[in-house]
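With the hints as your guide, set chain B onto chain A.
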Amino acid sequence: MMVLIQSGFYPVAAWMIPLQPPAASTIAQGVDQLYLFLTAISVFFTVLIFGAIFYFMVKYRRRSEDEIPPATKDNLPLELTWTIIPSLICVGLFAWGSMLYVHNSRPPKSSMEIFVVGKQWMWHLQHTEGVREIDELHVPVGVPVKLTITSEDVIHDFYIPAFRVKKDAVPGRYSSIWFQATEVGTYHFYCAQYCGTNHSQMIGWVYVMSPNDYTAWLAASENTESMAQQGARLFDQYNCGACHLDNGTGRGPSLAGTFGKTQKLQNGESRLVDDAYIRQSIVNPNSILLPNYPPVMPTYQGQISEEQVLQLIAYVKSLGAEERTTNGK
Amino acid sequence: MSVIPSSSQSVSEAPKGIVRRYIFSTNHKVVGVQYFLLALIAVAIGIVLSLLMRFHVVWPGAHIPFLSGGIMTPEQYLALVTMHGTIMVFFVLTTAPQAGFGNYFLPLQIGAPEMAFPRLNMLSFWGTLVAFVVMLAAFLVPGGGPISGWTAYPPLSALGSISGPGEGLGQTMWIISIAIFCVASLLGAVTFIATTIDMRAPGMKLMRLPLTVWSWFVTAILILMAFSVLLAAGVLLLLDRSAGTSFFIPAGVVVNSQLQNHSGGSPLLWQHLFWFFGHPEVYIAILPGMGVVSHVLSNFSRKPVFGYRVMVFATCAIGFLGFTVWGHHMFISGMSPYSGFAFSLLTLAIGVPSAIKTFNWLGTIWGGKIQFTTAMLFALGFVSLFVTGGLSGLFLAQPALDMVLHATYYVVAHFHIIMAMAAIFGIFSATYFWFPKMFGRMLNERMGKLHFWVTFAGAYCIFMPMHFLGIEGAPRRYADFTGVNYLEPLAPLNHFVTIAAFVTGAAQLIFIFNFFWSLKYGRRASRNPWNSTTLEWTTDSPPPPDNFGGRSPEVYRGAYEFSVPGAPEDFIPQNLPPVKAVPAS
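These protein sequences, in sequence, are chains A and B.
Counting from 1, position 279 in the first sequence corresponds to residue 279 in my numbering; the numbering is continuous, with no gaps.
Counting from 1, position 432 in the second sequence corresponds to residue 1432 in my numbering; the numbering is continuous, with no gaps.
Just chain B, with the same shape it has in the complex:
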């Protein structure tokens, strides 16, 4: 590894002026906070959209104020479905855990003063913001928001407004937004990879990296490979829509009694390309959470991470296997049944490193002295959700069962628990853990614990019943269930889910209040309020613009030296030199 000599380290002061300092800043901490705030706005919008959906599912005929016409049309519901999925997957689950916390803490944890390519990094955020604005604007264009779903399967998404009202300009803007998002993410990923490889402080060997850094590093590689494919697929889809090409549209498609002037394309090609992105995207959302959880469990059990090396290998294995299983989204697509075998086996194989991780987390808290901080509770909640969501994945990995469960609410329940809820719990754990470092004040723990318990119960109350809806056969993306009388006995379950969703959504106001209240009135945070070992806790809270005040920390030990026998305290910071044995003279 190459090491930046401490003499060449930038000791530059923060730029003067509010614009250069807080808005168009190349400082990784500012970019990290910007990403975090963007995700916060996006998740608020995403939650409101989902609550509207849940409301419509249960009370389809209800009058909704501020809605043109008063009663929700199928198009409006489907636009909500599409936009909720897109905003949550791209602008929350991809940005907050990786680009948000990763930006802020990756350089701090490896002892670097800055990201490797600060300007690319800044551009990455601004690109993402532009993508977000374009995405929201798609709601307002003539014809309404896009209604192809977040997976945008062609030919539906490729034919233009003839296949539905939102399939016109709204869908075009959806694709453009995703393409910009891809480019921005690629810039960020390159920065993360280069920084991790090149900017580590002296002594920060790979096997001394905190597991958070390992997760961000592997995730950045996943982003680099997955989003480049999605970018290509998005461009091809745009060409099909606007330049008359036929990458995804086969010959002889007749829509609305009109023959489409396309031939030779394959709708399955899109599915292959999309899921080659889409499956790794699940790990892009959740790997950073796994890193945070390993970190937090260790910290608040006062114990080293159990099987650190195995955890690193499991992270890499999950990342690698994540690229080989996209076909399990296509068991029922009509692709060759033989490929189903390979995808099924590889998907089940991911269960092995996932099981290793879970048991190693148990090993970490086993025999510890557990402190139930809010961050710790969210980390334990993450483990719970990861197990629940992972086990339902075993069902979907079976082509014979997927034949029943695919495209039902079972799948909705599965991926919300594993990808959305678990990842969000990782984000919350990280927020409660690092808020003191980022803003110099402690979050209120009492409000935090209330927030945890309501959210934890809410997550299960919303998504466990959806499994039963799915087993019973309720298909997803139905704007209207009134035509399906045999699903009528499920109506109470749907009511329960909707009420749970509103309660859980409201509980997030506790977090928002806590966040802004603590910014101003929270207890002042010391340098190292959690008695942690990693480098970010050896500098001020919040850290100075160049992170370590002009000096470059030296690293002498691994990331998780808790409760070392004979040590004066129950933690040893990574930059503490080994005590030389006093020669007996």
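Next up, chain A with everything else stripped away, as it sits in the complex:
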């Protein structure tokens, strides 16, 4: 009965519905293999244990009131067997799963970047070329894409079932996922972390396009400014350059060539200048003071949106060392 109920579901369900969403990214294949292997292990142990229970239930049922079962002694070899085999399976699964996990959490260096900001209850996405989308994401097929994800209010989660990726959008933090789409087509994305009343409305579509179509789509956009250029405009608008002089003699440090370097702080710590570092410098500057610079920068929290912060970061990133001379004012 128990075996029937459990094993009966799989074929019935497989007949009724597709068992998995389409596998449309390079990550999906590895995930599905591990998934199928675990399913096989599960079916094996389910059949083994349920079979044993069922067999014992029939074989050892009491037939009369005064039957006395024979005594069983503790059986060390048997107990060691069912300790060691699950332990080995556990270690093996960990090794396999970890390799997959490492691969899936490390975006390739060549990835194109797209920035995702969740808010109640919609998704704002920006491409480095400056194109912005709401609840839609256009990407080229066959190119690794890294999504940098954050939120401006509560926690959300960006989830694309067909690509087998998902990550929380946490306010005040940047998290990331990457994927490389393998099939042209449209796929759903969802908010998967409960975020309030209209959680179930935070859904949209990923459009995977051929590279030519993608280029055409970018070109068709009315937007002509890249994210870095939009950031540069903000930089001027808020008059950041008044203090952040390029030659380093201003009241604030020069920003040119700093991205990706390690920065020594006033409190003696060293920190990598990454997206999170720059965001913190803008939103809460006094928490990240540099030696020899006074704590004079005001916070821009609430004046600049999360999307604008990302544009400023793009701008700072674009300030390579070679621009040090050309960009001076």
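Be aware that one or more of the hints could be misleading.
[Unchecked claim] Quick list of the computed label-pair ranges, beta carbon to beta carbon:
id, chain 1, residue 1, chain 2, residue 2, range
1, A, F44, B, L1037, 52 to 60 Å
2, A, R61, B, V1235, 50 to 58 Å
3, A, A40, B, I1023, 55 to 63 Å
4, A, A40, B, I1162, 28 to 36 Å
5, A, F44, B, R1021, 53 to 61 Å
6, B, G1549, A, E65, 24 to 32 Å
7, B, F1502, A, L76, 47 to 55 Å
8, A, Y293, B, T1073, 49 to 57 Å
9, B, V1235, A, S87, 35 to 43 Å
10, A, R61, B, F1320, 32 to 40 Å
11, A, N223, B, L1067, 40 to 48 Å
12, A, Y55, B, E1554, 37 to 45 Å
13, A, I41, B, P1568, 44 to 52 Å
These aren't lab readings, by the way, just hints derived from the structure by calculation.
Glycine included, every Cβ here is placed at the ideal spot set by N, Cα and C.
Only chain B this time, still in chain A's reference frame:
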């Protein structure tokens, strides 16, 4: 161990008057029954809430009588989600197996006349009841019930009514109720631990304790450590909401176009604190069930528990490892990917003591003479559900797979089978097993078996299809699936689940009827109707107020001496002195 000398044992009569005797009673058996009845009311409410949810998922536009407006709004659905989870986890799964049966049978099984701190113990129940009333009242306040989910992740739960209608007073009351519940649980846990350590009858060595007592003891330690952390986290969340602190709210949060006046908090801090409670909570719900199942399988196979010592160690190992795996709830939270390795390995490691337990249960019934009582059927059902739910846990322990399955119906299916269904089967097994001792009458076995088979089939019919919904990508806590057209092929599956839920829910009426019918008309129970070995069966059914009528039982042997070769009967009670070999003269 210290032993209470039998001369100092209380032989006091039960207090006179209905209030002191049945309501504000310090007697552990009364407190146990009170907890049991509280859980019964809570589970009835919880089931009704879940049926309303299932109804809404399948027929979102249907008119529901007694509902203001007639058609369920997202807020109302989300309040159901939140309250169903909270009521079931806290007021059913934490109270019935541990505080209910533990209170009643822990002193009886160790041969103690009373709990170590009877007044604390009574306070523990009344605190829990107050928490329950506050929780239910949260439904009725302006703005409606809380809608943060039972995990109450900030910033959503910390920002107040700006982030949603139920996030105002309703959410505040939710936190206050949980805080009271934590305090009450801590009082109970202290009582359990002290009683187990200090109040055992002479001869009741640790390795002679029934596995039920071991489970309650380890669970009490888990409660002590886990609920104290949840209490602290709850207080911090309350301060964020009402005192303007920023423990969990970061800088620059803009909700509804308004900048929130908070800075420096971390939403992930709550998740760490909550899951440091939340994961052990799974074991708080299920360890007592494991103890009961070991006990019942042994009793009705007429066989000693296979590998008793290993079972004790496995219980302790599961309890300990349970505190080291909270991060597997946070693989996708954006915490450092490196910590994922540790949490994944430790989570997989819990599979080992769990596998040992499962195989030892098989070893226990192997070669036995199995009696298919209702209690035995529910114990076997528990093993089945424990295996099913445990195996799906292997998938979720993999960060790479959790990236796909997290926050989908797969997780809903997994934890309902392992935490809800398995634990409930443990509770039912305990109820059918101990009802004769508690109320002096037998439950009707025919109704019991009908109840078992419908519930067992129902458990799988409801929760197996949810795995497929989750694999397909259906996210949980969605008030409305109509915007997701690619999930449309799953609609028949959802219908099936809803119908199964209604049938299974209705089947519980059989149990309720059986319970109250047998209270009045059930066959009278003898002292030891199941031919059991442990001490609770050596006293009257129901036991007198001081449990053993003024004498303190002495213990001479382990808890599971069934079918000992050469013994006159197939069980030897723990208090039977060893037969001295007659010297050949």
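Each hint tested on the structure:
1. A:F44 with B:L1037: 52 to 60 Å: 43 Å, violated
2. A:R61 with B:V1235: 50 to 58 Å: Once the Cβ atoms are compared, 54 Å apart, the range 50 to 58 Å for V1235 of chain B and R61 of chain A holds.
3. A:A40 with B:I1023: 55 to 63 Å: Taking Cβ atoms as reference, A40 of chain A and I1023 of chain B lie about 56 Å apart, which means the hint holds.
4. A:A40 with B:I1162: 28 to 36 Å: 49 Å Cβ-Cβ, so the 28 to 36 Å window is violated.
5. A:F44 with B:R1021: 53 to 61 Å: 55 Å, holds
6. B:G1549 with A:E65: 24 to 32 Å: 30 Å, holds
7. B:F1502 with A:L76: 47 to 55 Å: 49 Å, holds
8. A:Y293 with B:T1073: 49 to 57 Å: Distance hint for Y293 of chain A, T1073 of chain B holds at roughly 53 Å.
9. B:V1235 with A:S87: 35 to 43 Å: At roughly 40 Å between Cβ atoms, S87 of chain A and V1235 of chain B fall inside 35 to 43 Å, so the hint holds.
10. A:R61 with B:F1320: 32 to 40 Å: Holds - the Cβ-Cβ distance for R61 of chain A and F1320 of chain B, about 37 Å, lies within 32 to 40 Å.
11. A:N223 with B:L1067: 40 to 48 Å: 47 Å, holds
12. A:Y55 with B:E1554: 37 to 45 Å: Given a distance of about 41 Å, which is inside 37 to 45 Å, the answer is holds.
13. A:I41 with B:P1568: 44 to 52 Å: 47 Å, holds
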